[in-house]
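Chemist: Generate the whole structure from the sequences, applying the supplied hints.
Chains as they are written, first to last, in this note's numbering: chain A, 1 to 341; chain B, 1 to 341.
In case anyone wonders, no lab produced these hints; they're calculated from the structure.
It cannot be assumed that every hint is accurate.
Remember, identical chains collapse to one label, so a pair may be satisfied in a single copy or spanning two.
Here are the simulated PhoX-like cross-link-like pairs (lysine-lysine), alpha carbons at most 25 Å apart as the crow flies [as the list claims (entries may be wrong)]:
id	residue 1	residue 2
1	Lys138	Lys30
2	Lys197	Lys143
3	Lys30	Lys143
4	Lys274	Lys30
5	Lys144	Lys341
6	Lys274	Lys246
7	Lys138	Lys29
8	Lys274	Lys138
9	Lys260	Lys192
10	Lys29	Lys144
11	Lys201	Lys143
12	Lys77	Lys274
13	Lys341	Lys30
14	Lys29	Lys341
15	Lys275	Lys77
Number of protein chains: 2
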Amino acid sequence: MRFDLAFIGFGTVGRGLADLLLEKREELKKYGMEWRVVAISDIKAGSILDDQGIDLREALKLAEARTSLEALPAQKKGLSAIETIRESSSNAIVEVTWTNIVDGEPGYSHIKTALSLGKHVVTTNKGPISLYYHELMKLADEKKVKLKFKGTVLSGTPTFNLFDGALAGCSVSSIRGIVNGTTNYILSEMEKGLDYKDALKEAQRLGYAEADPTMDVEGGDAVAKITILSNVLLGANIRPDMVKRKGISSITSEEVLSAKDCGERIKLIARAEKKGDFILAEVSPIPLPVSDPLANIMGVTNALTFETDCLGNITIVGPGAGRRATGYALLTDLISIANGK
Amino acid sequence: MRFDLAFIGFGTVGRGLADLLLEKREELKKYGMEWRVVAISDIKAGSILDDQGIDLREALKLAEARTSLEALPAQKKGLSAIETIRESSSNAIVEVTWTNIVDGEPGYSHIKTALSLGKHVVTTNKGPISLYYHELMKLADEKKVKLKFKGTVLSGTPTFNLFDGALAGCSVSSIRGIVNGTTNYILSEMEKGLDYKDALKEAQRLGYAEADPTMDVEGGDAVAKITILSNVLLGANIRPDMVKRKGISSITSEEVLSAKDCGERIKLIARAEKKGDFILAEVSPIPLPVSDPLANIMGVTNALTFETDCLGNITIVGPGAGRRATGYALLTDLISIANGK
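Modeler: Right, here's the structure in full:
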């Protein structure tokens, strides 16, 4: 299959995909996938559209140098995201704008427009997927296109697709894990003696936490992820505001260190469980005995334990974020679309 | 796809698959899979063949009661395994006889005969796969049938198929893990104060270790598994006798406890690494710092860490054995064949 791609958003994640597309161009042919880029629209980097194809390597250089993409030759320049989706000859959209879990915008409109026009969508945007998963999947089905969002949870580490392929025929009754690297990093540092504020500052210095860390430290990001996991893997139909939530900002070094003295570690745990027809979903800091596999996940690493009927507990551990990992999540989504999955 | 199955071997693992086939008959239709059993041949339980189909539930009852299957009505009785493969109308063979890593027999002949006749094969038998992987895959390709062996490593826990589906496009440079539950159980018990002999006795009492525990405790089982992983995921072409091997039978409680005092745990680690054109593969007990995720895998649980180019380290943790888990491995192999994969 040949993808004519339009990037909506060209920040770290989009550029991570661009790196891999360029690096693995030949290898991708083995998976039946070829590509070119016909449009890029980014609120900071500018907007270019050319149905004959854009030089992705050059676009990447300009974006890295924080120079406008509009310096490149292109049929059209300066289009909005929605115009880019509508007017480009793209058959697949890479939606990688910012996450908003209140109303999902602008990602929600981008995805809906693309699907309505019969274009495939791959995204890492947790907003629209945590809020409108069922609606958007229905639209994709009607239009006979695919909506893939592997990168919304644990970046490229296999989660959802464990269960269509590798764990086919196996059903999941509960999910429990560490899905936010920023808070896990902060808690790991606090165990070394830092107080919350200094650990947060260190996380910000290293680029693990945003200038406004609310989404991470108050649990919003983890809530979006456990909502998506519940809706996709447990057959739930819940929204982020239905998930019980407690963050880590009120946790003191004393609590972390006294847990340590008792052979425990405080972790921000996201969990969801089927109880008959109900789903119990929650994000909260919990002291775990160090013998718990999740207690030993340190730093920005993420992990998820699935309780299954066929295999008991299966745990997967991998990077929770990162340009390359998240770019890779988008790439495998494209590969599965190319293979009709 | 409709499978007409012949079971070659009907011990714990084969019966584990039978349980799941019966339990999930309706659900399997969603995955495009239907089945009936046309033959069972087991060295202890007897041998029956009926092209019109065998009552699997009744066969299971007899086998559980250690009664000969030949009490059931059938067109033919008492055939050998090879005769059963040749004479049955089966289109897929479930090969679950015992593992022999010296010459792979009798599994090797069973699998070769089945593939030569154009029959698919699913197996959990580490002998033929660790010794003849490339040869058998070539034969399967020539005959346009599939040979699947997910259950040879970590039972149903996803390993190989992580990389055809969920991690497509990602390449693996090294593999490291705990792949033998028996030895991991023994080492876990020794940390509690038992000496090697008592820990082994306890493992035997619980059914984790065989009466002759050599294959497990001297590392042969782990060697077979790391050989298979190397050949399948690292593109190697090695045999079990090319893997450096040290078991755990000479490890003393003093060594285990003194490692513990240093914040370490001794684990039987199987590892394989690409070094240019060479593969370095080894099984040996290694003291790991408790901060290593593998150090915290206790009891009969197994775990594998894959070092990848796209995602850094990915670790998967799950059951290493068990009737249901291993039966499930065979079931997912059948599901993927039914889906042309």
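Chemist: Taking the earlier hints as the rules, which of them does this structure contradict?
Modeler: 2, 11, 12, 15
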